[in-house]
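Construct the entire structure; sequences and hints are all you get.
Our numbering numbers the first residue of the sequence shown as 1 and each following residue consecutively.
Derived SDA-like pairs: lysine to any residue, alpha-carbon spacing no greater than 20 Å straight-line: (1) 335 with 362; (2) 364 with 404; (3) 435 with 304; (4) 335 with 402; (5) 377 with 429; (6) 193 with 222; (7) 335 with 365.
Hints in this document: simulated from the structure, not taken from any laboratory.
A quick note: this is a predicted structure, and the numbers were derived from the prediction, not measured.
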Amino acid sequence: MIRPYRVFVFRLSASSCVAAILALTLLPHQAEAGFCGGGLIEEKRCKAAIDIMRDLLPQAAAETTQPVEATSGTASGAAAGNPVPDGLLPAPSRIGAASDETSAAAGATAVSSGDPSGAVVFVPYPTERPRNNKALYPQNAALKDGALAFQSVAAQSAGAGGDRISGPYLSDVCLDVDSITEKDIAGQRAALKKSGICVTETRLAENGRRWRLFMIENRSKGAGPLFVVPHDNEDAAFATGVYGVATYGGTLIAVEAGEQRLFEGQDPNRNFSTSSTAAKSCRAQRAPAPLYTEAILSRRRSGAAIIALHSNANGWSGNGGSGNISTRKTGGGTKPFISAIARSRRLADEDTMIILAGTGEAGKGPAARAIRHFTEKAGVNVLYEQVNPRNNDCSLSNYAALNNIDPYFNIEVEDGDTKTQKLILDALADYLGLK
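What follows is the structure, encoded as structure tokens:
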């Protein structure tokens with residue numbers, strides 16, 4: 001009997017998949033064919049990597065009898081005595097060091113000794129980012145990451161307790177929505193159970209923080225926008241994002257932070273940078289975050305729009321309010337464009353707008369067409385932010401502007417105003433030609 005197997009995807013370059021095949025030593029021959037036919041890596045390369053790993057791990061291949069499935073998505077570990085790099089979180093292990101093929105083989109054997117309920121497969125996750133980026137793919141990362149990850153799964157399967165948060169991985173298995181207790185997910189269960197909607201999760205460690213990102217994808221509609229909800233306390237934005245994915249396709253990424261705006265002291269929307277040079281003006285970011293940035297932006301299909309979703313408090317401190325974004329607030333590199341044809345009080349509100357960002361002057365260049373459309377035809381206010389390396393704040397809008405990622409839009413409404421945010425999203429979808 002061939003048991004079902006769960007797939008965990010690691011951010012290894014697609015051309016360096018050898019270590020990602022470690023767990024294939026646990027699989028029966030029939031499951032191997034299913035893996036190689038999955039389209040994630042070229043079939044010939046995949047089978048060649050399997051042969052290599054079987055040569056490297058003869059003990060594991062010979063002694064393994066039945067596979068075990070990792071039940072909670074753990075996929076990280078640390079070689080004994082070695083510092084843990086960003087992206088890999090330590091997990092207590094009964095296996096020992098996993099810095100070479102021998103210890104990895106021991107991990108394979110340990111996994112095989114548990115109760116059989118499925119198999120574990122590690123595969124590389126293709127990305128459009130340069131594969132020679134040492135910040136994302138350090139030297140020998142394929143072998144090291146694969147061995148460390150495999151060790152941790154072995155430790156969990158053998159019953160080791162402790163930290164079970166993974167390094168950078170993407171679970172390719174749709175999660176059971178009823179089993180997710182996070183408030184945002186629980187509040188949208190009915191919508192998330194619709195046909196074609198798949199909820200997965202990515203976890204990564206960087207700069208001492210352990211990030212959790214929920215990915216909600218509409219697999220029935222194919223390509224679509226990348227919706228991003230950075231702030232976990234903005235429930236209206238999350239509800240709009242779910243509506244957007246269900247209606248227009250694409251993927252929603254939401255940061256899980258326990259219903260708080262900040263995560264372990266870091267604003268998730270001030271954490272987009274890949275180098276110290278780019279981040280030197282970002283007062284709200286403690287250190288560059290290439291893994292976090294990559295984890296979110298790698299989900300964007302080429303040419304797809306990025307649609308950030310936010311909500312904010314009423315008004316701003318300059319007019320008696322408590323928010324920090326308003327179409328009545330000027331300066332700081334921003335310029336408001338007020339629509340004279342707003343069709344409702346909520347659309348006309350100072351807290352309701354589409355934010356555009358670019359390096360050129362306000363009202364000129366590529367943004368000019370969008371400004372005219374939304375203010376003159378859609379009845380939506382626009383706030384334009386002019387960005388340069390000196391005023392970069394490491395927000396997603398600033399990162400997009402400085403890295404020529406286009407088109408980017410941010411829909412802002414007052415806290416709780418999901419209805420208006422959905423109306424603006426519909427107007428934006430019409431502008432983008434989304435169906």
